[in-house]
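J.: Read off the chains here:
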Amino acid sequence: MALTTAPAPTPPAKKSVRAAAKTRRPGRIRHGEGLAGYVFLSPWLLGLMGITAIPMLLSLYLSFTNYDILTDLSDVEWVGLENYRRMFTADPSYWHSVQVTVMFALIAVPLKLVAALGVALLLNRAWRGVGLFRGLFYLPSLLGGSVALAIVWVNMFNRDGAFNSFLGLFGIEGKPWVNDPEWALETLMVLAIWQFGAPMVIFLAGLKQVPTELYEAAAVDGAGRVRQFFRITLPMLSPVIFFNLVLETINGFQGFTAAFVLSNGTGGPVDSTLMYTLNLYITGFTELEMGYASAMAWVFLVAIALVTAVFFSTGRFWVHYSDGDGH
Amino acid sequence: MVAHTPVAAGGDRTATARRRSGVGRQVVRLAILVAILAVVLYPLIWMIGTSFKSQEEIVNNIGLIPRRFTPGNFTEGWNNFDVSFGRFFLNSAMVSLLTVVGNMVSCLLAAYAFARLRFRLRRFWFAIMIGTLLLPGHVLTVPQYILFRKLDMVGGPWPYLPLVLPQFLATEAFFVFLMVQFMRGIPRELDEAAKIDGANAYGIFRYVILPLSRPALVTTAIFSFIWTWNEFFRQLVYISDLDAYTVPVALTLFIDSTSQSAVGPMFAMSLLSLLPVFLFFVAFQRMLVEGINTSGLKG
Numbered sequence: 011m012a013l014t015t016a017p018a019p020t021p022p023a024k025k026s027v028r029a030a031a032k033t034r035r036p037g038r039i040r041h042g043e044g045l046a047g048y049v050f051l052s053p054w055l056l057g058l059m060g061i062t063a064i065p066m067l068l069s070l071y072l073s074f075t076n077y078d079i080l081t082d083l084s085d086v087e088w089v090g091l092e093n094y095r096r097m098f099t100a101d102p103s104y105w106h107s108v109q110v111t112v113m114f115a116l117i118a119v120p121l122k123l124v125a126a127l128g129v130a131l132l133l134n135r136a137w138r139g140v141g142l143f144r145g146l147f148y149l150p151s152l153l154g155g156s157v158a159l160a161i162v163w164v165n166m167f168n169r170d171g172a173f174n175s176f177l178g179l180f181g182i183e184g185k186p187w188v189n190d191p192e193w194a195l196e197t198l199m200v201l202a203i204w205q206f207g208a209p210m211v212i213f214l215a216g217l218k219q220v221p222t223e224l225y226e227a228a229a230v231d232g233a234g235r236v237r238q239f240f241r242i243t244l245p246m247l248s249p250v251i252f253f254n255l256v257l258e259t260i261n262g263f264q265g266f267t268a269a270f271v272l273s274n275g276t277g278g279p280v281d282s283t284l285m286y287t288l289n290l291y292i293t294g295f296t297e298l299e300m301g302y303a304s305a306m307a308w309v310f311l312v313a314i315a316l317v318t319a320v321f322f323s324t325g326r327f328w329v330h331y332s333d334g335d336g337h
Numbered sequence: 005m006v007a008h009t010p011v012a013a014g015g016d017r018t019a020t021a022r023r024r025s026g027v028g029r030q031v032v033r034l035a036i037l038v039a040i041l042a043v044v045l046y047p048l049i050w051m052i053g054t055s056f057k058s059q060e061e062i063v064n065n066i067g068l069i070p071r072r073f074t075p076g077n078f079t080e081g082w083n084n085f086d087v088s089f090g091r092f093f094l095n096s097a098m099v100s101l102l103t104v105v106g107n108m109v110s111c112l113l114a115a116y117a118f119a120r121l122r123f124r125l126r127r128f129w130f131a132i133m134i135g136t137l138l139l140p141g142h143v144l145t146v147p148q149y150i151l152f153r154k155l156d157m158v159g160g161p162w163p164y165l166p167l168v169l170p171q172f173l174a175t176e177a178f179f180v181f182l183m184v185q186f187m188r189g190i191p192r193e194l195d196e197a198a199k200i201d202g203a204n205a206y207g208i209f210r211y212v213i214l215p216l217s218r219p220a221l222v223t224t225a226i227f228s229f230i231w232t233w234n235e236f237f238r239q240l241v242y243i244s245d246l247d248a249y250t251v252p253v254a255l256t257l258f259i260d261s262t263s264q265s266a267v268g269p270m271f272a273m274s275l276l277s278l279l280p281v282f283l284f285f286v287a288f289q290r291m292l293v294e295g296i297n298t299s300g301l302k303g
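Chains A and B, in that order, are what the protein sequence lines are.
Its first residue numbered 11, the first sequence is counted upward by one per residue in the numbering used here.
Its first residue numbered 5, the second sequence is counted upward by one per residue in the numbering used here.
Because the hints were derived from the structure by calculation, they are not lab data.
Hints are supplied without guarantee of correctness; some may be wrong.
Claimed, not checked - Here are some chain B residues pointing at chain A (derived, C-beta under 10 Å):
(1) Gln30
(2) Arg33
(3) Gly67
(4) Leu276
(5) Ser277
(6) Gln289
Glycine is no exception: its CB is placed at the ideal position from the N, C-alpha and C atoms.
Chain B extracted, bound-state conformation:
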């Protein structure tokens, strides 16, 4: 408040008046914020409410809250297709977790090279890496698909290789950049001390950089998971067997059957699919918000 109040205030009376108007302003501010928040949260609450409504209530009750909570949509949605949603969740979890591991390992290695090691053409490669930050992924989908198909990696019982393999090759430049920034903040005297103790580049990585990079690794892991869990375009391109469907691809099956009776189960499964992201949000809210600060990309 201080910053915006004229300093040259004189006398107790004006100060009190000002404080009172300050309180009034706070109340107005809070009211506006609450109103905006209501609008922002409305779709989410509507989704939750609809998921628990019976078929009949979805048609008749336009209110947010179901008169009677029924879990029917969840069981129906879960078994709506020939393959149960449990399978889709497992598939999604597998792709997401492998992506997390791949990004953590490969981006950390690349970031260490960029942030700490001196080698020929380092500046050149670093500039290229920054360049790939803004490269729109959709541009590469067609030729990547052709190449992966040529290598016999498309389709088959385990069609996830084209989704996961790039993540083990540090292609998510965003995380490389995030970790480089982080490592630049680790004091170099620690490297020097390790060097005096006889550590080479690998030793410094193992005993100095790796343990100290934990916060950056955690941020990478969380964002990798959420983004991959929500990712759709590439999963749509590469996955064709119902058995292998991930959750987002499976959800689009509901759209095909546009009958009104599918709304309940569709919403129930949509809600379930957002649950992992929501839990991450609850657990790491602070970290996510700070993480976006460091980078701002995507999100």
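Here chain A stands alone, though its shape is the one from the complex:
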């Protein structure tokens, strides 16, 4: 997490004294402080065990069983790798949900980041009113994950929705996009892109860190704006792009609410919005196949870990950390 772009809400004074504290020999822990450490940490430790670790292990165990919520935990039947076999070889709707999720992330995330960067570049000047623009662009990110907005969105792309009224102005006859298996997922992508405000704000913070001397020097050397953008702005911004890319991809994989609202919890029309987490929910809580759902959850976890690992291992080829900025 060394990728943060700006310091937390400004602390009251600068941190020059830390060196002094560091001279104390490491490794020697005074007894009272060691105990206090665990006293303060105890709620977190409890949560780590009870809310995170034990459920994780339980779900790993359940993924090898055919547990449904109705039988008692002590009576579950061990089925070995059956759930995983079924997932990978005998469940077309599972693979379909993987496809839908990957498609969603693959298209929506890059477009969202391009929109975020584009608007950030337009806003990256100090002038009056910039704060207002920044705030209003950010608003959808605050509201967009809610059921309320998903409801509005679905209606907007419905037969009588605002989008078709807009098309009507140009004499184009629209259709109920959200009921069309070809287009339903696209409307959800547009919803995700619409929430470009959060990465935009992070890009803006990153743009402020780019030293202006670089542009001055480049201008002296006769580099135009386009060249400056590709040679200075993009490389200098690459840590922030990387940060946004990782976060948005992981978030993109987890989209649930809008897909649930659009399809009324079914993943329809014709499974076209069956996002992975929605499939997980249906399997676990509608069909009560909790053993199978646990296996799906573990595959999801491993997949996300792999994707993150790929990002980090390829990142060193294109993420540029300047000396002062490397944290």
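With chain A fixed as given, assemble chain B onto it according to the hints.
T.: The following block gives chain B in isolation, referenced to the frame of chain A:
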């Protein structure tokens, strides 16, 4: 502007010309921004407009602004189900506020330990905490549900324990991380001074760290509230009695009745449900935008 203008400009005339083209560029820039803003705000304005339209106007008037503003959708939506929306709002407020309190207290305690205290395995636990930052919450929903059910916490007249209890155990690693980062910026000489005055770890927490951590606590409180208010997945899983429904879960009831006549009330209630978030946005706009800077997670 300076940064992007070649420094080697010569003569007054070129400078003036350049300044003029700079102004032109500003205008173009502003025009583009306004156009984008219009697209971005359109859905919100459409929602507000539709909420105030009469049933008839929703069908006939495709314009943004209602010809006649009517509050009918609000009263109708409010009482659309056997339980009034007021109850749903209270339920949501309760869950959100308890989450706020839980996150503020538990994450502050954990962050203090990580940022300031020296104890065995600190680095190990800290690495684990960072690891849980990226852990997708959906993965744990099934086993958590099973455990909470085993503990008899699911259902009943007060089904919110599974939603709220984890928040009192600092499971929102994001806020722990945010506060650790913040506390690292508080000068350690303050700790040392307090120590000389005889304060131990608890005293330093009470008299140095706690009062100075207010900005981080406020950020945590605001984001906790907004995220929980908008949260849907876990509330959907744990709440089954209509009496206990929170606002997001109640809103999905409208989707079931897909008749066209429900659109007005549905939009009105959707609009009302966004109001608290919007008010927070207006009041703390600056802070929210800066807060996202520090972390970028979620949002």
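J.: Can you give the numbers of the hints that this structure goes against, from lowest to highest?
T.: none
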